[in-house]
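Participant: Here are the chains, one letter per residue:
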Amino acid sequence: MLIRRPSDIAPSEITPRGLYLRRREFLAGAASVGLAGALPAVGADAAPLPGAKSPLSTTDEALTPLRDVTSYNNFYEFGTDKVDPARNAHSLTTRPWKVKVDGLVAKPGDYDVDDLIKSAQLEERIYRMRCVEGWSMVIPWVGFPLAEVLRRVEPQGSARYVAFETLVRPAEMPAQRGLLQPLPWPYVEGLRLDEAMHPLTILAVGLYGETLLNQNGAPTRLVVPWKYGFKSIKSIVRIRLTETEPPITWKQQNPREYGFYSNVNPAVDHPRWSQATERRMGEGGLLVRRRPTLLFNGYGEQVASLYAGMDLRANY
Amino acid sequence: MLPAVWYFYLGVTDQLGADPQNTLERLLGLWALRFLVLALAITPLRRLGGPNLVRYRRAVGLLAFYYAALHLTVYLVLDKGLDLPTVWADIVKRPYITVGMLAFTILVPLAVTSNGPMIRRLGAPAWQRLHRLVYVAAAAAALHFVMLVKVWTAEPLIYAGLVAILLLFRLGVRLRKRRPRNRGPQPARAGT
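Going down the list, the protein sequences come from chains A and B.
Residue numbers for the first sequence follow my numbering, so the first one is 1070 and each next one is one higher.
Residue numbers for the second sequence follow my numbering, so the first one is 16 and each next one is one higher.
It should be emphasised that the hints constitute simulated quantities derived from the structure, not laboratory data.
Small disclaimer: the values here were computed from a predicted structure and weren't measured.
Glycine residues also receive a C-beta, built at the ideal position from the N, C-alpha and C atoms.
All the given hints hold, so there is nothing to weed out.
Derived SDA-like pairs: lysine to any residue, alpha-carbon spacing no greater than 20 Å straight-line:
hint, chain 1, residue 1, chain 2, residue 2
1, B, Lys95, A, Leu1363
2, A, Lys1151, B, Lys165
3, B, Lys108, A, Glu1326
4, B, Lys165, A, Tyr1385
5, B, Lys165, A, Glu1326
6, B, Lys165, A, Ala1345
7, B, Lys108, A, Arg1325
8, B, Lys108, A, Gly1203
9, A, Lys1167, A, Tyr1180
10, A, Lys1151, B, Asp29
11, B, Lys165, A, Pro1324
12, A, Lys1151, B, Leu25
13, B, Lys95, A, Arg1358
14, B, Lys95, A, Thr1346
Some residues of chain A that are not near chain B, with every Cβ distance over 12 Å (derived):
hint, residue
15, Thr1162
16, Gly1178
17, Asp1181
18, Lys1187
19, Gly1226
20, Pro1315
21, Ser1374
22, Arg1382
Could you build all of it, start to finish, from the sequences and the hints given here?
Facilitator: Following this line, the structure appears as structure tokens:
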């Protein structure tokens, strides 16, 4: 497979660490005007986790401020409001944490997340993230290719798909208890094996040079930058290789609105809203203008070949 | 008008979170629905022996209209940048927007006629008939909310439930009025 590098990145364009660390100043400022209680506990548990710069970081766009990345999240296990995860996710304990890798592999096993992190070459991957709801961010993830983990467990020849599963722990995930739970649990997602093996597909363990906060899917989550955000499943406990297409939560929930592929595509609307444009978070406040959405979220040069000959409208 | 002023202040000072447009749009819409529910609750409240708030009803109804207008303005100007072809496509293609626009459109003549001179000009019966359209507007507004969510959560269902109860109350009153009154138990007929 030929992976062409995008032509638009220069390492010099990546935001220097000093700039994004200004969030500390923001927090100090917020505390001094008595806002701290109203704001999520940003950075409460984050520890430094640097990653080497990667040529696959595909952007010359401004990074979304850390404050927005960590306070505006869809993580329904902690509530359906965008600010719920930042408010509620502190209750999640992320150590010890095992990721079970099984199914059609030669070497199934329970992998400790710290071992995964230690044995990986951590990279910084700056990716656009486009939510199916019509908003987007630019996030400097820290992680490693999912392919490294998959190669280590040696997929069998019959394996064609990879299924992922999020933690179920009602005691620590408030929306997993009580009446009127928003989704059936566990949250499940899936990729075709070639999508999972693609160099752009990573397991993220950090962002902005620090470990992931719980609301962003600690301790490890998937990031598939050319697909709508809900494909990038958070707080993963199980990775299973299968022969048939695995069920995915949103498609089960509403098959007319969400498909297995869910590639970002401005020409294929969500039945209830247009996908032609998006609002970039942290850019311009109230007066932010919508920007055009790009096919495959702008990663077409690298991933379009995965879908050669496929009807993207039928396989939404 | 206080909530709106406060929200615009928060918006201008960048305190509405990562997606201030969306947050503002939603908050304004929510208040429009709240005022609609409140306006519809005034008559049942009085009939069920609660306080008589009828003299505030016009103000509450107008507030609902103002908030709906602000909600629509944020959508048209900030969100869509007055891109009218896109807006029109939204209205005809997206059922939840169609329903929302219907609710707002109905509120316009009601707001315009919510003053003494207009009541006199229309005459009380015609005015009252016109203003019964608020039932349709409230139902459409609640439906608009229910139709745009991704999963079932309590909030839109609670508002839809409140509107349903308030409309059913009117239906109940109407059905009871139609039935002849004071029909005591019929005397048993002598056998023939």
